[in-house]
Amino acid sequence: MKLLRTFTAIAALIVLIGTLAFLYHHGDMIPHYKTFSGEPASLRSCTIIIEQFNQHGSLGVIQLGLLMLIFNPILRVILSLVSFVHERNWKYVIISGIVASTLLYSLLSSAG
Amino acid sequence: MVPSEQVAILIMPMTEIPLTLLLFFASIIAGIFGALSGLGGGSILTPLLTLAFGVDLRYAIGTSLISVIATSSGSASAYLKEGYTNVKLAIFLALATTFGAIAGAMSATYFNKSILSIIFGAVLLQSAWMSLKPSAPKEEMNAPNKTAQWLELYGTCPTTEGVIQYRAQNVPTGFSLMFLAGWLSGLLGIGSGAIKVLAMDRAMKLPFKVSTTTSNFMIGITAAASAGIYLSRGYIDPILAAPVMLGVLTGSLIGAKLLPKVQNKILRSIFTVLVALIGIQMISKGLRGGGS
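Each protein sequence line maps, in turn, to chains A and B.
Everything in the first sequence is counted per the numbering used here, starting at 1 for the first residue and increasing by one.
Everything in the second sequence is counted per the numbering used here, starting at 1001 for the first residue and increasing by one.
Just chain B, with the same shape it has in the complex (with noise of 0.2 Å):
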């Protein structure tokens, strides 16, 4: 792999103009990517920002919120049509991830560029592992459930094989990773798709296409729940973050349009190998204790 310092300076002396358009054209890439794999383009943007541009990791984690924000804006309102994302199970989970996020963002002061590189190649090794491991399929999906009942966390989904009817698990155990989900995204201004995932298809036996978009429309609830406090210390600039708002959105829209038409499974095992080779190399610099 190319020494990242190196890859640094030759971008960094660069003036406004192409760097801007570098940018944008790098976040273009970033969202297609991101829409096409389903793990969201902030994964790949903070350490795309920090190794390959040398950008200082407080903004990378601001311009990267927005991104988290973008995509979900870009793609959200394309699933909701679609009847597979359950608004209820988003906005009980949101009452988590949203606490989880301000309690994140307000505990990121404490621990020093180091750990948060480490954390964050640590989250992107996950990313790859839940990628690689496929949705078992869950007998379970629809036992009677006192807690979902009650909180009416249950529904419909269309699928190949007719519509099927689902019933939320082990709510308890779905919630409190909501809350660490919520955390890692305030912490590191990412959107922590793949620990909703997580939580929804494994921990609480919701069908996949359930879990993935409900997650696509909760990510930008739980970026903004930190954005405000991001804003505040300063992080957000607005010369990163525009190009990446815009490069980023365009992507997503150009993904979701891409989607029917690209081999899903090829293209995931080589984001996969991506995402983990990057989660190598945070946790590498973050050891080396150079976690600009």
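So that you can see chain A by itself, here it is in the shape it has in the complex (with noise of 0.2 Å):
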């Protein structure tokens, strides 16, 4: 469990750096959250995050914090998983399985 506690404070400070980069070059901009617009597709695609996070600026990169913090809980039920591997309990192998590629489907398959 120590090493999904490294990984949420990594996605943290990954944001955090972002926010403060966007916040020294765009602070005094004024927000636009009433109506809404959706984000451009750079920030919508999982591909496009991982890949091309040094490109939008600091907003990919708070961007890639957020994707790393939700992966956190796919990791632990992989994490599981291998737990249940090497207990041999085969039906929980293939729940958390289930489970776990479910996830990783809905995660990457609709922001393709």
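What the hints contain is simulated information worked out from the structure, not anything from laboratory work.
All residues carry an ideal CB built from backbone N, CA and C; glycine is no exception.
Treat the hints with caution; some may be incorrect.
[Said to hold, decoys possible] FRET-style restraints, in silico, Cβ to Cβ: (1) SER1107/B to SER83/A: 32 to 38 Å; (2) THR1173/B to SER83/A: 25 to 31 Å; (3) ILE17/A to ARG1288/B: 38 to 44 Å; (4) LEU20/A to TRP1150/B: 49 to 55 Å; (5) GLY27/A to GLN1149/B: 56 to 62 Å; (6) TRP1129/B to ASP28/A: 44 to 50 Å; (7) ASN1112/B to ASP28/A: 32 to 38 Å.
[As the list claims (entries may be wrong)] Computed from the model, here is a short list of chain A residues facing chain B with C-beta under 10 Å: (8) THR8; (9) ALA12; (10) LYS34; (11) PRO40; (12) CYS46; (13) ILE49; (14) ILE50; (15) VAL61; (16) ASN72; (17) SER83; (18) VAL99; (19) SER106; (20) LEU108.
Please assemble the complex out of the two chains, which come individually in their own frames, going by the hints.
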């Protein structure tokens, strides 16, 4: 479980760095959250966020940290799966396998 | 109660720096209250964003999902160490919440903002009601049960009267309620911890401590199931989500530290009243048709 804590801490650090960088450059902007316009494609897709996080400025960095946070519970299920394999509890290897692959599929496919 | 539109207008013309700081501190408070009450910070975060900050409900849902995962990540490892969380129970029931959450996120586009606001209010009222009705002692806690036996849904739990043994009852009912919890989580961007506790504590007759800690372990998994869908729809705004994630993480860590020192009963009743009031506010806003 130490791994999960470290992972969360790194995600938080990345988000913090991105936020400070954004505020340094755009701190005097007026935000627009009252009306919904949706995020640009570069901040919606998992693959673009991971591959080009350094090309979309501070917002791309924040989104990478948020993606790591979303991945944290999935990692938790994968770690449970590993421990079930160690226990040779095949019933729960299958159950946690279904949960983990559904989560991964939902995260990766919808944001393709 | 202050008309929410007026408050929203007061706050909106701010620039990014004060708004980010305000969101950060508001999220710390939401995180502390969430951790202390056990109801989770997500339930009050969406109303806070929409009613006080005037944020569009869709951005609020995306932001709230992030806060739910942050709360669960911050506290789940602490609870696991105490030996209450039942991982098999969590993984088996996560099967229901995961598919429920995906179904909820997919169906969200078929509801307009007013209806979502009303459903949200109803869920808050259910949470308040759940925390008012104390968990009754359960006689059939360790009764033989074939389904629970086959799925290995049993365990031991340390209490003040020594270690007790428990075994899940009414597994199909609990599983169905978990699908509902997942559906609402995906639809509204909340953790729906109150319904998860309802399923485990009331339907499956599990010890209260096991129910609440296992629920906390599951909340992040449920939220992660729909987060990808909301991310791809552009509901997760980095500038809103960043201070909220950092604030809620900080708040839930402070809350977990404070937990042994504060009187839980008083705090719980304050939070219950607060949640009920916000629930009524969300319903009335939905009925008036202004579900922004």
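Taking the hints in turn, this is what the structure says about them:
no., hint, verdict
1, SER1107/B to SER83/A: 32 to 38 Å, "holds, 34 Å"
2, THR1173/B to SER83/A: 25 to 31 Å, "holds, 28 Å"
3, ILE17/A to ARG1288/B: 38 to 44 Å, "holds, 42 Å"
4, LEU20/A to TRP1150/B: 49 to 55 Å, "holds, 52 Å"
5, GLY27/A to GLN1149/B: 56 to 62 Å, "holds, 60 Å"
6, TRP1129/B to ASP28/A: 44 to 50 Å, "holds, 46 Å"
7, ASN1112/B to ASP28/A: 32 to 38 Å, "holds, 35 Å"
8, THR8, "holds, 5 Å"
9, ALA12, "holds, 6 Å"
10, LYS34, "holds, 5 Å"
11, PRO40, "holds, 8 Å"
12, CYS46, "holds, 7 Å"
13, ILE49, "holds, 8 Å"
14, ILE50, "violated, 12 Å"
15, VAL61, "holds, 9 Å"
16, ASN72, "holds, 5 Å"
17, SER83, "holds, 8 Å"
18, VAL99, "holds, 5 Å"
19, SER106, "holds, 5 Å"
20, LEU108, "holds, 7 Å"
Hint check: a violation occurs at hint 14 only; the rest are consistent with the structure.
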